[in-house]
Amino acid sequence: MATRLKEVDAVLIGVGLVGTMLGRELTKAGLKVVGLERGNAQFTVPDFQGPHMHDELRYSVRKAFMQDNTKEAMTFRNNVNQVALPIRRWESFLPGTGLGGAAVHWNGQTYRFQDDEFKMRSHTEQRYGKGFIDAELTVQDWGVTAADMEPYYDRFEYLLGTSGQAGNVKGQKIAGGNPFEDPRSRPYPTPPMKEPYGSAIFRKAAASLGYHPFPQPSSNLSQPYTNPEGMTLQACMFCGYCERFGCEHYAKSSPQTILLPVLLKDKNFTLRTQSQVLRINLAKDKKMATGVTYVDAAGREFEQPAKLVILCSFALNNVRMMLLSGIGQPYDPKTGQGVVGRNYAYQTMSAVQVFFDESVNINPFMRSGANGTLIADFVGDNFDHGPHKFIGGAYFGDVMTNGRPIEFHPTPPGTPAWGAKWKEAVVRHYNHTSVLNVHGSSMASRNNYLDLDPTYKDAWGQPLLRITFDFPANDLRMSAFTTDKALAVGKAMGGRQVAGSARKGPYGVTQYQTTHNTGGTAMGLDPGTSVVNRYLQSWDVPNLFVIGASNFPQNATYNPTDTVGALAYMSAEAIVNRYLKAPGQAMVHA
Amino acid sequence: MPGQGYQLPFTPAELFRNAVRAINDDVQHRRNTTFDKLPGNEQDAYLESLQNGNQNLNGVPAHTFFESLLALTIEGFFADPIYGGNKDMAAWKMIGFPGAYASFYHLVDQHGILFTRAPMSMGEDNRRMIHIQPVAAQPKAVGPNPVGATDKKGGR
Amino acid sequence: MKTTIPFRYVSIALALALAAGCQRGANNADATQARANQTAGHPAQPQPGAQGGGGYLAQQNAGGGQANALGVPGAAAAQTQGQPDLQAGQQLATSGTQNGVTACVGCHGAQGEGNAAGGFPRIAGQSAIYLGKQLGAYANGARVNPIMQPIAKAMSAAQIRDVSAYYASLGDTPAATPAGAAPAKASAGGNDRGSTLSAIGDNTKGVQACANCHGPGGVGNPPAYPYLAGQHANYLTAAMAEWKNGARKTDASGQMTHIAQALPDADVAALSAYFSAQPAPPAAAKWVNIPAGSSQRPAVAAAADAPGPRGSGGSTVRTTGTEQGAATTGGAQGPGGGGGTQGTQPQQETPVRR
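Chain order of the listed sequences is R, W and V.
When we follow the working numbering, the leftmost residue of the first sequence carries the number 879, and every step to the right adds one.
When we follow the working numbering, the leftmost residue of the second sequence carries the number 8, and every step to the right adds one.
When we follow the working numbering, the leftmost residue of the third sequence carries the number 2, and every step to the right adds one.
Hints in this document: simulated from the structure, not taken from any laboratory.
Any given hint could be a false lead.
The list that follows gives simulated cross-link-like pairs (lysine-lysine, DSBU-like), each with its CA atoms no further than 30 Å apart [unchecked claim]:
| no. | chain 1 | residue 1 | chain 2 | residue 2 |
| --- | --- | --- | --- | --- |
| 1 | V | LYS287 | R | LYS1301 |
| 2 | R | LYS1164 | R | LYS884 |
| 3 | R | LYS1369 | R | LYS1082 |
| 4 | R | LYS910 | R | LYS1459 |
| 5 | V | LYS245 | R | LYS1143 |
| 6 | R | LYS1212 | R | LYS997 |
| 7 | W | LYS94 | V | LYS287 |
| 8 | R | LYS910 | R | LYS1185 |
| 9 | R | LYS1008 | R | LYS1212 |
| 10 | R | LYS1008 | R | LYS1267 |
| 11 | V | LYS206 | R | LYS906 |
| 12 | R | LYS941 | R | LYS906 |
| 13 | R | LYS1143 | R | LYS1185 |
| 14 | R | LYS1299 | W | LYS94 |
| 15 | R | LYS1382 | R | LYS941 |
| 16 | R | LYS884 | R | LYS1459 |
| 17 | R | LYS1267 | W | LYS94 |
| 18 | V | LYS287 | R | LYS910 |
| 19 | V | LYS206 | V | LYS245 |
| 20 | R | LYS1267 | R | LYS997 |
| 21 | R | LYS941 | W | LYS94 |
| 22 | R | LYS941 | R | LYS1335 |
| 23 | R | LYS1145 | V | LYS206 |
| 24 | W | LYS44 | R | LYS1299 |
| 25 | R | LYS1082 | R | LYS1051 |
| 26 | V | LYS206 | R | LYS1143 |
| 27 | R | LYS1301 | W | LYS44 |
| 28 | R | LYS906 | R | LYS1145 |
| 29 | R | LYS1008 | R | LYS1164 |
| 30 | V | LYS250 | V | LYS287 |
| 31 | R | LYS1369 | R | LYS1267 |
| 32 | R | LYS1382 | R | LYS997 |
| 33 | R | LYS1165 | R | LYS941 |
| 34 | R | LYS1165 | R | LYS910 |
| 35 | W | LYS94 | W | LYS44 |
| 36 | R | LYS1382 | R | LYS1301 |
Remember, predicted model here, so these are calculated numbers, not experimental data.
Please take these sequences and the hints and turn them into a complete structure.
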């Protein structure tokens, strides 16, 4: 029997990056807000300090910051003809848990999506004709443009202190930056990070082939910075323990370093950790949310009534929460009807290794999460797709982040997997190898979707999320093309040997690719193909906002976090300035 | 489907115990000795037969056991010495990995520098002694294998 | 020229480059890359003054894998800076020069142990690169100190290199008295506060654990981060004051300035008391790896009943990591098809004997 608590103005499902930002914006507007975080509280001191933080086995291999999948996992299959089975070991993607969410243990790679990718459907059809997009793909326009998003990208990057070199300020192109980027209103808040050796070699090779290398925008920070909330971050020390780890130096932009202490001081905000939200509760007519039900660490069930519900957990968990709560029509791949779970996408990854002479000391351990050099010449529609039969693109560069030896000990093809020859090869190549990542877009397909598993349940007795996904043929063609380009740059880097291959299907969950799971609660202008409107307000339940990468109608070329943060600020502004003036009302009439 | 990852009912410890028991039985049965007493090249051949094989090791497919063995070996080899492997940081010294104390802001732009500071463990104190939990000696099994080769039912 | 001290260093005038800092794009990549291209297939050019067989790696291998400097610059830079001369360094330390370099021993002691009362730091066993960087900073004003400035200014780059290398090699005498032998006065914060700050930090002040960069108990993290253990308390306190008031600008990352500004005097006193009471660490010069890529192997005692050498090992890779998980090559940063089917054949390389 759930204990009913006193009603508050707003409840946050998840206190990660988005939860922290929304908590701040709403409490600033005078709302009483409860933030429910299923994980534990954690702070830079003592939780992220060295040397214990620099434990590759614990954090990177055993995934100490990640969701406990003995309690709550997901199931996976490639297509509807297979039976989905639980993902018992996180490999392909790593859903995190804990206060601050994934922004505690992300890499800090911070890119804005391009305008053409916000208009994936209309832009492509306009430039290449209506038949150009494969029939199975359900790509669609977002309903916002890069210009619409610019002020929110700007605000978010200044919250983080992102380090970079602007390539286009108000239309003025600036050498050294990304010449393809949409205009930004001002430069980055801090200058680019120091460039490590392998990235410098890539830069010269890429430039020699006529491409336009630029520094990877980084929220690890190149120098001390105080953000508009009064939080001061320090310079990244290039420790090589970035993704999957917390930052001991107060350098990586995470809720703990950019905002959370400010929020926690606010009397209007109440944080409850170890609180597993089971579902969003709805009024009898199902047209309004009344709050949420959650279970605390002692197993006690509570009902937290709230006038406004913000669903801001990890993208996959956002979708699951909608399905568990019965909000919106679930997508059915057979009929093509329904929207919740529709347009699930991922990221299409490949890599190229460059093996150098022994005299070239790459020092892969002198690295940070975002300190590389890359080119955008093949991002989105930056090149003519006409001769090719695919849409989308990839960025690539030397964006290495670490030299942690359990998982990084590159050896050339043909090296035995074990034994004396393996050891020799590891010794020979460990400090003399550069890896180029090829980071490609992921199109939405009518065959790829999320729903609730019919068989497997979590520790609270609720169905697991089922992922049905395989790479669309379009994306494999894109990967073949862009990996070829990356191989060419790799060959120009002066190594003794280059090896790499494009992404091949079928998709499997046993090799790490990215944790860029997107879609399932797509934003858009048409409730027939989206779950939330352009302000991220649910079409079905007007006092529910869903914020995260689950809003992406398909996944663009770049990493998602900058766009997630921008969407959060965009939605928060709409809630505070418009929604709260007419609460309970739909802000967009379809 | 292989892309769906590990689905056997065994915990990692169960997987190892089951498979190692089967291997011990097999070597004893066919060679009348234990694995560690085989000559080096025969050990390698045996491992290769596991790597490429499908034989059932008390419910664990041989190649699955081999993958787990290899992964765990590499983890122990390259992990911090506090976990009991990588003794004296030999593996880190071999490749030049600096270990747990790692700040390279002042060196990252010295491209090509040869960094030769000895590696440092999480568990070392200010006298460069690594404090490791000693691993208690495992008791040796006595008597016949409780789940014999003739046992068709029961067990895993 | 005979050296009695068996360590060889390639260069520490790198220290001046460290003090100047390196901007993006202006780095050694050109020189190093050119060298890499030039030496493809051949060992690197011999160092000036190198003994034994030609080649950088051969030099490392000779002499039993003994130390190169902690953080040896690319060989191109090394060629212009040359080998440290430890005897010249010792000469400089004990006698000074005619042109204004006072003998170091006058303030820093016969063994480099420093002087507690005078606040002259212990420099024995300090990282050579760190010492060289400080001398460069005294010379160019990045670190303001009226005593050290004229001395540092009078030194040539070679002298800085030599004396730094000399002091880096000291400090292993089994001295009974740690630096700061008279126990530092207990500060208001006490040693508990000091050890807490050193190992954990303080979230309310945004201060990370000192150990993150300075090593456990402040034992040091060469080449860049000096030891604090066994250092004189009043020197440490004065150094933190220099960070705080801007007299010292030798940390381009800004971390030390922030930390010094965030810590109140009582915390600084607690840290100084804590570190000065720790045993002085062994000489940084000995704290070296066998260099990566060398044929030396670390001395690790084999288990008594370890079997002998094995055969050559396994066959080529089957599908790695299908059931178990991530491929054992690749991982967090080499996703996708790393190690795949396209690419180039390896160039012939001169085998390095192992």
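Evaluated hints:
A hinted pair counts as satisfied when its Cα atoms are at most 30 Å apart, and LYS287(V) with LYS1301(R) qualifies at roughly 27 Å. With a CA separation close to 21 Å, the supplied pair LYS1164(R) and LYS884(R) stays within the 30 Å bound. For the given pair, LYS1369(R) sits about 12 Å from LYS1082(R) by alpha-carbon distance, which is consistent with the 30 Å threshold. With a C-alpha separation of about 16 Å, the suggested pairing of LYS910(R) with LYS1459(R) holds against the 30 Å cut-off.
For the given pair, LYS245(V) sits about 28 Å from LYS1143(R) by alpha-carbon distance, which is consistent with the 30 Å threshold. For the hint linking LYS1212(R) to LYS997(R), the alpha-carbon distance of about 27 Å falls within 30 Å, and the restraint holds. Distance hint between LYS94(W) and LYS287(V) is fulfilled; the C-alpha atoms sit about 20 Å from each other, no more than 30 Å. The straight-line distance between the Cα atoms of LYS910(R) and LYS1185(R) is roughly 10 Å, inside the 30 Å bound, and the hint therefore holds.
At most 30 Å may separate the alpha-carbon atoms for a hinted pair to count; LYS1008(R) and LYS1212(R) meet this at roughly 24 Å. Simply put, LYS1008(R) and LYS1267(R) have alpha-carbon atoms about 13 Å apart, close enough for the 30 Å limit, and the pair holds. For a cut-off of 30 Å, the pair hint linking LYS206(V) to LYS906(R) stands: about 24 Å separates their Cα positions. Restraint check: the Cα-Cα separation between LYS941(R) and LYS906(R) comes to about 35 Å, which exceeds 30 Å; the hinted pair is violated.
Restraint check for LYS1143(R) and LYS1185(R): satisfied, since their Cα atoms lie roughly 23 Å apart, inside the 30 Å limit. Restraint check for LYS1299(R) and LYS94(W): the C-alpha separation of about 21 Å stays at or below 30 Å, so the hint holds. For the proposed pair LYS1382(R) and LYS941(R), the alpha carbon gap of about 26 Å is at most 30 Å, so the pair holds. For the proposed pair LYS884(R) and LYS1459(R), the alpha carbon gap of about 23 Å is at most 30 Å, so the pair holds.
In summary, the hint linking LYS1267(R) to LYS94(W) is not supported, as the alpha carbons are separated by about 54 Å, beyond the 30 Å threshold. Only pairs whose Cα atoms come within 30 Å are accepted, and LYS287(V) paired with LYS910(R) is rejected, the gap being roughly 60 Å. Straight-line distance between C-alpha atoms of LYS206(V) and LYS245(V) comes to about 15 Å, which keeps the hinted pair within the 30 Å bound. For the hint linking LYS1267(R) to LYS997(R), the alpha-carbon distance of about 19 Å falls within 30 Å, and the restraint holds.
Taken as a hint, the LYS941(R) and LYS94(W) pair is honoured in the structure, with Cα atoms around 24 Å apart against an allowance of 30 Å. With a CA separation close to 22 Å, the supplied pair LYS941(R) and LYS1335(R) stays within the 30 Å bound. Proposed proximity of LYS1145(R) and LYS206(V) is supported: the alpha carbons are some 21 Å apart, at most 30 Å. For the hint linking LYS44(W) to LYS1299(R), the alpha-carbon distance of about 23 Å falls within 30 Å, and the restraint holds.
Restraint check: the Cα-Cα separation between LYS1082(R) and LYS1051(R) comes to about 21 Å, which is no more than 30 Å; the hinted pair holds. Proposed proximity of LYS206(V) and LYS1143(R) is supported: the alpha carbons are some 15 Å apart, at most 30 Å. A distance of roughly 23 Å separates the Cα atoms of LYS1301(R) and LYS44(W); the hinted pair therefore holds under the 30 Å criterion. The straight-line distance between the Cα atoms of LYS906(R) and LYS1145(R) is roughly 10 Å, inside the 30 Å bound, and the hint therefore holds.
With a C-alpha separation of about 39 Å, the suggested pairing of LYS1008(R) with LYS1164(R) is violated against the 30 Å cut-off. For a cut-off of 30 Å, the pair hint linking LYS250(V) to LYS287(V) stands: about 28 Å separates their Cα positions. For the hint pairing LYS1369(R) with LYS1267(R), the CA-to-CA distance comes to about 26 Å; that is within 30 Å, so the pair holds. In summary, the hint linking LYS1382(R) to LYS997(R) is supported, as the alpha carbons are separated by about 27 Å, within the 30 Å threshold.
Using a Cα cut-off of 30 Å, the hinted pair LYS1165(R) and LYS941(R) is violated, with the two alpha carbons roughly 40 Å apart. The hinted pair formed by LYS1165(R) and LYS910(R) meets the criterion: a straight-line CA distance of about 23 Å does not exceed 30 Å. Restraint check for LYS94(W) and LYS44(W): satisfied, since their Cα atoms lie roughly 23 Å apart, inside the 30 Å limit. A hinted pair counts as satisfied when its Cα atoms are at most 30 Å apart, and LYS1382(R) with LYS1301(R) qualifies at roughly 28 Å.
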